[in-house]
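Participant: Mapped onto our numbering, the consecutive letters of the sequence shown carry residue numbers 1 to 204.
Capping the alpha-carbon separation at 27 angstroms, the derived lysine-lysine pairs in DSS-like fashion look like this:
| no. | residue 1 | residue 2 |
| --- | --- | --- |
| 1 | Lys204 | Lys47 |
| 2 | Lys64 | Lys43 |
| 3 | Lys66 | Lys193 |
| 4 | Lys36 | Lys47 |
| 5 | Lys47 | Lys193 |
| 6 | Lys121 | Lys43 |
| 7 | Lys131 | Lys193 |
| 8 | Lys34 | Lys193 |
| 9 | Lys41 | Lys204 |
| 10 | Lys198 | Lys37 |
| 11 | Lys193 | Lys43 |
| 12 | Lys47 | Lys66 |
| 13 | Lys64 | Lys47 |
| 14 | Lys204 | Lys40 |
| 15 | Lys66 | Lys121 |
| 16 | Lys198 | Lys47 |
| 17 | Lys204 | Lys43 |
| 18 | Lys40 | Lys121 |
| 19 | Lys198 | Lys40 |
| 20 | Lys193 | Lys40 |
| 21 | Lys204 | Lys34 |
| 22 | Lys198 | Lys36 |
| 23 | Lys33 | Lys43 |
No wet-lab data here; the hints were simulated from the structure.
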Amino acid sequence: MKSKINVIAASILTLFLTIGLSTSYASNTNDDKKEKKMAKKRKSFQKNKSTALNEMYNAYPESKAKMANAYGYAAFGNTGVNLFVLSSGNGGGVAHNNATGEELYVKMISMGAGVGIGLKKYHAVFIFEDKEAYDYFLEVGWSADGQADATADTGKEGEGGSAAVGMNVSRGVTLYQIADKGLALQATLQGVKYIVAKDLNGMK
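Turn these sequences into a full structure, and let the hints guide you.
Facilitator: Below, the structure written as structure tokens:
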């Protein structure tokens, strides 16, 4: 009788250990997948930043001087069809503090379905003149709907047949946009919000 009880107890213990190990393995696997996904997105956002800066400098050589005197910048990009259709957003980039070298990942989120439909290439660079403007961008985020009524003019042609637009969108902030020629860039500005990506920056 005692032997049978011991066997049953051992079986139950083995079952709990198996369940515990399986749960732990599944949890670790999910964590690994999540981290790989975030690492991939960080790499994508870094690439967006580099491409956006190159696009801006090619279209606007004078922007180099403005950048040299800036406190910081935030550069974004995305390529493909229907860039901002998803409400969760599928574009992003990096905010860079020129004074400290610190960088933060920032998401572009569509505030309405259909924004930017048909746009195959879009890049944007915000240049911040001072700490106040830069900090406000990171702490509050930025959206044209709430902070500017900027009308983009696609009259200036940049590299690769793209239209390049630079405009003062709020105090201490200049925005350069480079997108497909012929598309009203205001449509890519209105309805899009830029906010710090807490998950990619390890924030809670």
